[in-house]
Amino acid sequence: MELDKIDLKILERLQADARISNVDLAEAVGLSPSPCLRRVRRLEAENIISRYVTLLEPATVGLTVNVFVQVSLERQIGDYLERFEAAIHQWPEVMEGYLMSGDADYHLRVVVSDLSAYELFLQEKLTRVPGVSSIKSSFALKRVNYRTELPLRSV
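Residue numbers for the sequence shown follow this note's numbering, beginning at 1 and rising by one.
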């Protein structure tokens with residue numbers, strides 16, 4: 001689907017505030033409410049807008065430890081990859097997971113309440129996945145930058 005400037009403005013505003021009313025959104029992008037709503041519905045139908053979420057501040061709900069984990073598998077073949085990916089989809093602690101090129105097969109971002117919770121995550125989940133050969137963990141000391149909005153102005 002080809003996105004025009006108005007579509008991009010709609011997406012930019014919704015990324016910043018998904019609770020904006022259609023009337024306010026329409027005004028912000030220079031449309032009347034009906035055509036604006038039609039565009040939003042089309043963006044949803046095309047899966048450009050995949051869902052609406054509420055972002056929480058992790059520390060306020062007791063999740064203060066961010067761990068970046070590099071995982072290597074014994075073999076990078078179909079069964080091993082599928083088994084590992086199926087496992088991480090089930091674990092709520094894994095916020096992001098990427099199949100990588102380079103030294104490690106996967107990079108994960110894991111969020112837990114404390115070091116004991118991470119140790120339990122390692123012992124009860126990650127090390128039990130068949131085919132995992134090595135795990136390297138790096139603990140974030142401070143969040144310097146965090147963004148959820150895609151840089152649509154560069155599109």
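By construction, these hints were calculated from the structure, which means they are not laboratory data. Heads up, the beta-carbon is just placed ideally off N, CA and C, and yes, glycines get one too. Incorrect hints may appear among the rest.
[Stated by the list, open to error] Here are the computed distance ranges between Cβ atoms for each label pair:
| # | residue 1 | residue 2 | range |
| --- | --- | --- | --- |
| 1 | Q76 | R51 | 20 to 26 angstroms |
| 2 | R13 | Q76 | 38 to 44 angstroms |
| 3 | M1 | S138 | 35 to 41 angstroms |
| 4 | Q76 | Q123 | 20 to 26 angstroms |
| 5 | R75 | F139 | 50 to 56 angstroms |
| 6 | T60 | S138 | 22 to 28 angstroms |
| 7 | E82 | F139 | 41 to 47 angstroms |
| 8 | L99 | S50 | 15 to 21 angstroms |
| 9 | I20 | R75 | 46 to 52 angstroms |
| 10 | E124 | A28 | 43 to 49 angstroms |
Each hint, compared with the structure:
Separated by about 31 angstroms at the C-beta atoms, Q76 and R51 break the suggested range of 20 to 26 angstroms. Between R13 and Q76 the beta carbons are some 41 angstroms apart, a value that agrees with the proposed interval 38 to 44 angstroms. In this structure the hint that M1 and S138 lie 35 to 41 angstroms apart at CB holds, the actual value being about 38 angstroms. Taking the beta carbon of each, Q76 and Q123 are about 24 angstroms apart, inside 20 to 26 angstroms as hinted.
Under the hint 50 to 56 angstroms, the C-beta atoms of R75 and F139, about 28 angstroms apart, miss the expected range. Separated by about 24 angstroms at the C-beta atoms, T60 and S138 satisfy the suggested range of 22 to 28 angstroms. For the pair E82 and F139, the supplied restraint of 41 to 47 angstroms is violated, since their beta-carbon distance comes to about 29 angstroms. Between L99 and S50 the CB atoms are about 20 angstroms apart, so this pair conforms to the stated range of 15 to 21 angstroms.
For the pair I20 and R75, the beta carbons lie near 48 angstroms from each other, so the given range of 46 to 52 angstroms is met. The given range of 43 to 49 angstroms is respected by E124 and A28, whose C-beta atoms sit roughly 47 angstroms from each other.
Violation of the numbered hints given earlier is confined to hints 1, 5 and 7; the remaining hints are satisfied by the structure.
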